[in-house]
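Q: Protein chains in written order, with the working numbering: chain A, 1 to 280; chain B, 1 to 280; chain C, 1 to 280; chain D, 1 to 280.
For the record, the hints were derived by calculation from the structure and aren't laboratory data. Every value quoted in this text rests on a predicted model; they were computed, and no experiment measured them. We put the CB at the ideal spot given by N, CA and C, even for glycine. Please note that the accuracy of each hint is not assured.
Stated by the list, open to error - Residues from chain C that face chain D, not an exhaustive set, calculated with beta carbons under 10 Å:
no., residue
1, A62
2, Y77
3, K101
4, A113
5, Q158
6, P214
7, E217
There are 4 protein chains.
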Amino acid sequence: MKIEVLYDYPRLEEKLIIERLKASNCEVILTNINNKPLPLGERVADVSLVRSVSMYKALYAAAVRESGGGIAVNSSYTISICGDKILTLSKIKNAGLNVPKSIIAMDVESAQAAYRALKKPFVDKPPIGSWGRLVSLVTDTVSWRSLLEHRQMLPSQQLKIHIMQDYIEVNNRDIRVIVVGGEVLGAMYRVSVGDEWRTNIALGGKPVQRRLDPVIEEVTLKAAESVKGDFISVDILEDSMGTLYVNEVNGVPEFKGFMEATGIDVASELVKFLIEVSKR
Amino acid sequence: MKIEVLYDYPRLEEKLIIERLKASNCEVILTNINNKPLPLGERVADVSLVRSVSMYKALYAAAVRESGGGIAVNSSYTISICGDKILTLSKIKNAGLNVPKSIIAMDVESAQAAYRALKKPFVDKPPIGSWGRLVSLVTDTVSWRSLLEHRQMLPSQQLKIHIMQDYIEVNNRDIRVIVVGGEVLGAMYRVSVGDEWRTNIALGGKPVQRRLDPVIEEVTLKAAESVKGDFISVDILEDSMGTLYVNEVNGVPEFKGFMEATGIDVASELVKFLIEVSKR
Amino acid sequence: MKIEVLYDYPRLEEKLIIERLKASNCEVILTNINNKPLPLGERVADVSLVRSVSMYKALYAAAVRESGGGIAVNSSYTISICGDKILTLSKIKNAGLNVPKSIIAMDVESAQAAYRALKKPFVDKPPIGSWGRLVSLVTDTVSWRSLLEHRQMLPSQQLKIHIMQDYIEVNNRDIRVIVVGGEVLGAMYRVSVGDEWRTNIALGGKPVQRRLDPVIEEVTLKAAESVKGDFISVDILEDSMGTLYVNEVNGVPEFKGFMEATGIDVASELVKFLIEVSKR
Amino acid sequence: MKIEVLYDYPRLEEKLIIERLKASNCEVILTNINNKPLPLGERVADVSLVRSVSMYKALYAAAVRESGGGIAVNSSYTISICGDKILTLSKIKNAGLNVPKSIIAMDVESAQAAYRALKKPFVDKPPIGSWGRLVSLVTDTVSWRSLLEHRQMLPSQQLKIHIMQDYIEVNNRDIRVIVVGGEVLGAMYRVSVGDEWRTNIALGGKPVQRRLDPVIEEVTLKAAESVKGDFISVDILEDSMGTLYVNEVNGVPEFKGFMEATGIDVASELVKFLIEVSKR
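Construct all of the structure, not just a fragment, from the sequences and the given hints.
A: This is the structure we're talking about:
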């Protein structure tokens, strides 16, 4: 069994995964995608785990490995869906799950029309981005115009596009659940801190263990299935009435905070899954 | 039957399609995606034809319509694959078709390594882009370094990534074939002009009718299938030995030049297909 | 006498100036800087009026003409100062005039420190930009963080830099004064409209005539002198106590609204000045 | 005597300067401009040495210190001229010195016209940039078109503008001279290495001592005067006939290689000058 790890900047997560892989009896191949050119059609392993920090590099690394007949975890399909918040919302909604009421505005004129239609405050974010970056809570016209002007000046076509969403009151926390190979590993809260409304760990959010109940488990597995995700994390918003909304899905999940909060050895579970896949 | 056309800047192609749709007995819904906000989950038609000039806007328009249970032509899946030259190559290669020998380099160091490995001249292009833009023929170290530095300064992550390909000698022309609903409509050459090596119509390439033979037909249909394309154009390179390489697939094809060269009424064929789909 | 007009996109202003020039007995040379390469050291006229919409093109056009010993109006010096709000503030402040209390923050950490030090609301803007674009009123931490993140993503080094200023209560209007060749032509109010706090004409601000008093005249002339401006407009904020603050100076001023509000034929006055300069 | 050093990323140069300053009996103030907000009008020292790696941060730091009546070395004027290759060429040319024959093209159309007029190979570079970056040698139409397309996609207005220059045959080396306070410290060659035609140290160029002769001294001092430079380096091209062309002037010069090649203690000479200025 040959298992490859494709990475760019190894974080704690990648180090743990590599450690666990080496402790198993797989042959481990480490590929730094910034140094090594990837020939289309090349096959170097049975399974290739994609772990780059850059979403696009992850997507392309998976696609190259698939072009050679290899299996990528996650697949390029899953990474392309989860790496884009509009594509994710489309799949989740189509699967019959709740998502926050969302309007997609392609340009300034449609964004202005959506602004007039939405209850304030609302959430505005571009389809691409990690760690909560550019996810904005819009409360008034003055800050909305400033946001709209700034967004228009961003150099990427995608960053000019607006996802405008109902703001769900979540009591300063959301729920993060991790799935490996069709099984839910566990759940945690991410609790926002101070005057930061976003719960992202990168923005200071605190990971806190949460009991896993059957409803959350069901929602998470449906979400995973809708994006064909092998190893993903799902972010769920729970409003004051207990209604659950799937908000985002991560196709190359970080899990340091999750490990700390839950004590679950995510890297080991992932390695078990990779070995299982490589035997198929 | 309700058929929607989603567009941003209507070209001749969009005008013809709309004319043909209006001449049929469908209800035609015109949606300017720059003006109109698109609510996730909204269903306005049986089939939605996506015709925006901007690839990302096309992708998101398709995804929104699918989120409401509608059918998009092309699907968001096809647009996401065809809108990205690495994802396209991966699917085509995986389907067993010839593609130019290609190396994907994610960063400067791997691009330099690939440069040393490749025969000159070679083709370098980023995964995203239309009309031949940024598609470069690299002949020597001096122009390679300049290209590498410029690419690094581009503001988008994707435009920093390199597809480095064998240059296929094609006698100043490539073959473009259009497919609608699993049927090949016809083929043309695009002939490059003057000292421009690229064949793109936007760069002055001349459209010239070409006989459709069974081999081209088979290659094209396999390519269409590999990206699940309903309405696409396929670009094929034919080397001096007659070997065919699939180079790119377009998910929102322009067809003005194709109509002129072949006399085929692409808009009518497309409208027939849309009506057929809306009846399913 | 040869007088050149360098332009890119001719607006009403450029058309009027050219008309007035042609009605005089000068030889008029029209140079579209987007079409015509400008050789360093070339001398085509006695005086070159720089009227491009793009600030950097205006700056470089002036510098090229000066390199050939010609006189540019405005000079490259004036355009470089007035085209940059930090350089303008520095000159104005150094000349002993009032400016809004301003802090320059080069990076996120210093911007956060300045944020803590400033009274809210305050004004945040980058050094470069016209028509009020990206000029933001910051009222609270949530919108500040969003602004800070967006600014960091802008592709230009300059747009990442923050001018953070006391917000001067101006009763929805500021004063714009135009100077030609050391003489004040007149003044107007720009009155902001609706829920837009900015007074820029491009943002809907209404031009309204204002009496020219000696204090405004003195402030304006000192401001013009501090940037060595031949033909400029000066924006002045007047607080509730009647204190005047020089806010910005424009080195390629638009004057359509000014003409409408004051009835002053700015183009004629400018042409008189250009002829006078060309006789020196 | 209070002398301030404004810096962002301290290199060897900054460390040496600070060491020498501390060894003198000045009071030394160190200001990290990324951390510390700079209030307009603040006066913290008699003289402020500006040493940030970022040209714009250097420019604005100088301007802020001048707004408080302080002296900046270099002045904001000098930094703004030397930080921009078009402004530098304009001043040098206007001072009657030789510069390579240069054409400024503001847009694609004028760049194409200049391309047709120029002898190949020629040098193409944008007005802004350090370390030789984007400085390209254009030899043929294929690489020219690629360069033109790439340049158009760069997000900054300035980087889209072309300085197109005669290529001066310099036998793989240019001459760098350093000036402090109107005195020439010494000279070196920068020798390009391998197949890299550019001589920049950052691109592998080797520093080699060069005798200082009166002609070079005179050219350098005239160049320094034309940009009012206190502490600058001047790059001079010498063609096969011995003609000297001033090519670029650096307003925040690096001098590590210069020290190695010449043995001159640039930091000490600079500190002497700063002390002298602070006594004025």
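Q: Next, verify each hint and record whether it holds.
A: Hints versus structure:
1. A62: holds, 9 Å
2. Y77: holds, 8 Å
3. K101: This interface hint holds because 8 Å falls under the 10 Å limit.
4. A113: This hint holds: C/A113 lies near chain D, its Cβ roughly 5 Å from the closest one there, short of 10 Å.
5. Q158: holds, 5 Å
6. P214: Violated, about 26 Å.
7. E217: This hint is violated: C/E217 lies away from chain D, its Cβ roughly 24 Å from the closest one there, beyond 10 Å.
In terms of the numbered hints stated before, the structure departs from hints 6 and 7, listed from lowest to highest.
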